[in-house]
Amino acid sequence: MPDSDVIAAAKTRLEESGLPSDWLDIPVHWGVKAKEQATPESGGLRFEYLNVDVYGEVPEHWDNNTEIPRGAVPDTRTEQMGYSIFSKAEVWSDLCAGLYEDAIADRWNSSADIPWDTLAPVGSDLEHAVCQIATLISEYGWTKAQTTGRWLQEISYGYIEVKLFLGTVVFDSARLYEVWRKRALSNGGGLGRGGRNWKFLPLTQSYTFSEFCVASIMHDAMLISLLRHGHRLAQTEAERRIYELCEQDIERHLKYFVDHMRYLMLKEPVRREEIHRYMNKAEWYLAKDGDDTLYSALGVILGDGREGAEEAMADVAQLRREQIETYLGYLRQCHLGDREGRLNEELRKWAGMVELEEEEKIPV
Amino acid sequence: MPDSDVIAAAKTRLEESGLPSDWLDIPVHWGVKAKEQATPESGGLRFEYLNVDVYGEVPEHWDNNTEIPRGAVPDTRTEQMGYSIFSKAEVWSDLCAGLYEDAIADRWNSSADIPWDTLAPVGSDLEHAVCQIATLISEYGWTKAQTTGRWLQEISYGYIEVKLFLGTVVFDSARLYEVWRKRALSNGGGLGRGGRNWKFLPLTQSYTFSEFCVASIMHDAMLISLLRHGHRLAQTEAERRIYELCEQDIERHLKYFVDHMRYLMLKEPVRREEIHRYMNKAEWYLAKDGDDTLYSALGVILGDGREGAEEAMADVAQLRREQIETYLGYLRQCHLGDREGRLNEELRKWAGMVELEEEEKIPV
Amino acid sequence: MVTVDKLEELNLEPEVPELDLSWLNLDTEWGVSAEPGRKGLTLQQINKSLYGEIPATSADSSARPRGAAPPEGATPRMTPWVLGDATETFSDSAALLYDEAVSRQWSSATDIPWDTMDELPEDIERAMVQLCTSLTEVEFIAGDVPGKWLPRIAADHYESGLFLMSQVMDEARHTDVFRKRALANGGGLLLQGGGGGLRQIIEAEDFTQMSSMLHILGEGFVQSLFRLGELIAHNEAEKRIFRLAAQDESRHVAYGVTHLKYTLDNDPDKAEEVHWTLDMFENTLVDPDQQNPGLAGALVYLLGDGDVDEGWRLFWHVRRKQVLEYLHRLDVAGLSGRLESGRLHPSLSGALDN
Amino acid sequence: MVTVDKLEELNLEPEVPELDLSWLNLDTEWGVSAEPGRKGLTLQQINKSLYGEIPATSADSSARPRGAAPPEGATPRMTPWVLGDATETFSDSAALLYDEAVSRQWSSATDIPWDTMDELPEDIERAMVQLCTSLTEVEFIAGDVPGKWLPRIAADHYESGLFLMSQVMDEARHTDVFRKRALANGGGLLLQGGGGGLRQIIEAEDFTQMSSMLHILGEGFVQSLFRLGELIAHNEAEKRIFRLAAQDESRHVAYGVTHLKYTLDNDPDKAEEVHWTLDMFENTLVDPDQQNPGLAGALVYLLGDGDVDEGWRLFWHVRRKQVLEYLHRLDVAGLSGRLESGRLHPSLSGALDN
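Residue numbers (the working numbering), protein chains in the order written: chain U, 1 to 364; chain G, 365 to 728; chain H, 729 to 1082; chain R, 1083 to 1436.
Do not take every clue at face value.
Listed next, the in silico EDC-like pairs over lysine to aspartate or glutamate satisfying Cα-Cα at most 20 Å (straight line) [said to hold, decoys possible]: (1) R:K1121 x U:D53; (2) G:K397 x H:E746; (3) R:K1352 x G:D653; (4) G:K652 x H:E746.
Here chain R is said to cover these stretches of chain H; the calculated rule only asks that three of the stretch's residues, wherever they fall, bring their Cβ under 8 Å from a Cβ of chain R [what the hints assert, rightly or not]: (5) 790-803; (6) 1021-1030.
No lab work stands behind these hints, which were simulated from the structure alone.
For glycine and all other residues, C-beta sits at the position ideal for the given N, C-alpha and C.
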């Protein structure tokens, strides 16, 4: 029986049974066979391979406020679902689908993939310092998951790749939270002191997604600069592994945030000044919140106890400088190299940069 | 000195003083003089008269997410402000500006404009019944203000007339709340029992403004049908006045909601089925919530006490029928006359309408 | 008005609601007889007996009026959440301020003597419409913000709710009247203000922080300016606008001050949080990156009536008054010491030396 | 990776942070040594001493990990509000379910034997891709919803937070795998589902109501169906998809059931509210106006492998199992009696007679 007869017969049977059959009338792109690319060498059936024919057309503007999959036929009865982001420029990066699959391929398990049995007692000061750092990184993991997660309900299906990738960011952030909590509670220590959290307000208060992205670049850059010193900071193989695995995750997040901001700056250059405004805010809160707990704990570790901490603070200052340099480095990659000349005054001191000339203030 | 010289001189003085002067460079529509229409006969300088030249062009799509006034020159540094409604079809009615001014012209004061001294003791059953009704109307006033108010932060400046009018709805609703609270507490009674509030969920849970509008039409129609019986329900001049003044306010709100929905149905007829979905929901909650407190209290008033209440319930049933008829009547005015054939089963019983034929249910 | 047509297909008797008289025997406070006074029957007069008692905390997210009996059966969560602690939103003056708001409503259409506006010199007209452009923006946000907070106010603290509802109305009128002035006399709207702290007010997720920015600092500065409106106005219409708007702002400022006082009296730990917020907001207001190019120039220009030096002198006079009144309001609210501790932003404390 | 370039204009020594050792003497629980077990170091193993005690209520909206000392100075309100009562969000199984989620992650790219998919008859392929179109929609919302709730979970109840974070990941993978199946074998995406209760889940503003719709009824029905995936699948790839997805759904359903049980154990009054929600949601699911034309037809067609009568017979078999398992889950959670009291929607109780 030719295919058209098969379908006609199917329709008849459905209709006789009182079932709708209009789904059989939809013209099918019969050539779409993503499975053909799914070889072991190509990483299996990765999401990138789905982007063929109409299904791969990511629209500049998506105008459907329902859960309709990109490429499906709309049902106009559907209630609107409250999405608010319908612009490709606001969320897109071509890397999303690939980073999503990478995140899954790179997945790890804090219970089993960390050699916890390598932990060994260290001096009380050191254990306190490690636990203090663990507490603050946990806190950031929690914040990152919460604040990333809330964007899911805002982004429409047109940009499904972005949403899938953000799902992995949420999950990675959960792990960031718990692996450090585990470290704090597994070696005779406990949790330290929580941070004041003001610096996180630019994440929680974002009104646009790209604003959230630049604030994330700042915070992720601060963290990754620290994680990259894992080889110096870790006392054991377990810790070294934690630093490495977390670094790998954060690096992946930054790839997206940076590539998205680059895309936005190219597509909507008129938003440059607005984006600087958001960086002003993020930096102001970071500088103002700056309590010295984190850096003091680093000093205790690098100084091998409280006695050596004072001397080690010069090293810590170099590390803090690297944080700012790293942040500015990522911004250069997004075509936001002009940030260097506008960096917050306090952060300039952290980085040892010359002061900005005082601008004329018009006090209105 | 010619005007151009005056401006040039002003710029020079400003610049010498370190003040920005670019605001003087903006081309001015020098002919716009709304004051010329502001005569006593024309109601003073009403907002409608501002809609001249570029200032009166209400765009189909507004693409600025800041507080910029319609017609001003953008400053691209400005942070986005979180508005979500940028479509004229979603909010517009040509009546807005006029209704805004009408609301202000019709303003009243529940402290001074109600002849409270005409209140006189009535029997205990009657006082209880009046107070019970007052409690429930107060509750709706509170809900109306809260749920209308939250839309202000969603609607962009492009549709400023709508926002101004909604401001009056919020204020009127505050008065709806407090004038009935005052009635309950001023004549030897007190408050009765609160409602279960499920029926208000379609107002609080709206994701689109037009969905909020149809739910408001339903609730306002229910209330106004009741208020229109004020002459029968009021025991005193004070109450009669309350009924009248509240009716006048709700009538004004309905004018907007109805005219907006009419506009939407004309501009975006494809949304008809979606809008029916919202009405399904609003009606379902109304029917399911239907506790009989309100109607029983009406029965006690119309029956002049609990003894006559049973007999008066037939009258109350007529009043409830009118509520449904009134609701359907307003919907007809918005080109939603087809609602009659799709009204919720329970509400059909309230209205004495024949039952709908049972549709084939496909239980998936 | 919709006439009640008989529906064609209506051919049955309507269902009769069930008579349920259980509400005749409730356990609510009964026998309350508020008496109208000199100003009629105000909220303060009905706030008697149990109905006048403000619960320190409320877990009720429904619309049930304070003092009413709870319904039988389940109620849904009406709003995502309410601010249940009175310290979050309450003010002892809210009822009074609402009463005042109702009795002092005015109409921008009919209460402003628009016919007193003669043609102005072009530079002055431009400066005035630039000022009005900025003001209509500010007032626009000032209405959105209470709108945002309304669903979060507990019905048990209805006084604050009503006050905010009246503020929504007031700000609609201000948005309106400054737009009217901009378009009334030939000028039109000019340059957008570019932010200047408006976003900070609407993004705040703590009511007291929001109120300290909006009501105390933001509207406080505006009110101090409007009360000097004579220095800016060029005719009776403009004077009346500033005078009436200042009257409205006074209520909003009073609400902010009395709310903060209520909060600090009951929760002194909140002080540091408010200080932090003011640190941030003061910094935003004077930040060169946030400067409003139109407002600054136009205001100085108008104050000097075209003489920029004189305008600057008067500007500092205004600014000094703004700062002094701001500090005074904080004192009244119980948040003192910003000047003495050096916490007040230098650009503001500097104004006191002028 | 960004290389750390020396900034050209960098010509000063970086400022040295102040050394503050006050955190060396905190009043937190100290001396905790969790030991890894058979599955490594799980959450359950670190939930010891004070760190394992779940506070019944939490007023902390900050990100401070449970058991950490509060910071010096003021903290802001981090999120608009948190659900402070444990009864709102907690589940005794959340930690375990998170641990399971982490250890049972799978990859739709590499763990599905896509090469087992041969060409299918066109009617069957169409029915399968129609089913997958509907499923990818459902899973899309199922990820948005926990995302919405994350900012509302108190850090003191972190177990529920972590569980929801894992659900976001699971649902991303489900959205993904059904889209992959739709596009893998020649069919493509067909007809949108038209609602069918998805909006009801995302609009709910009470966590327990949301969870009873999403986790217990919605995902419960889906899980019952997936466990009968053999009836629908035509090759090993499809079987594996349903099996792995069912395993994930089991965790979500378990969370919903144990959360509801926790809530009802501690707040029995909540039962009526949940019943109300289920009344509404059951009605939505079977409402002819909400019907999903694609899903209904495709599912029956697939179940009968083209024989529609047989498909109906098996459909009722599936539905009966869905309803029985749903009622069983409610029983376990302590919300019994929907069938007996006649409250279960007739279209669902009717399925039990088939």
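Checklist line | Contradicted hints - numbers only | finding: Checked against the structure, the hints that fail are numbers 1, 2 and 6, while the rest are satisfied.
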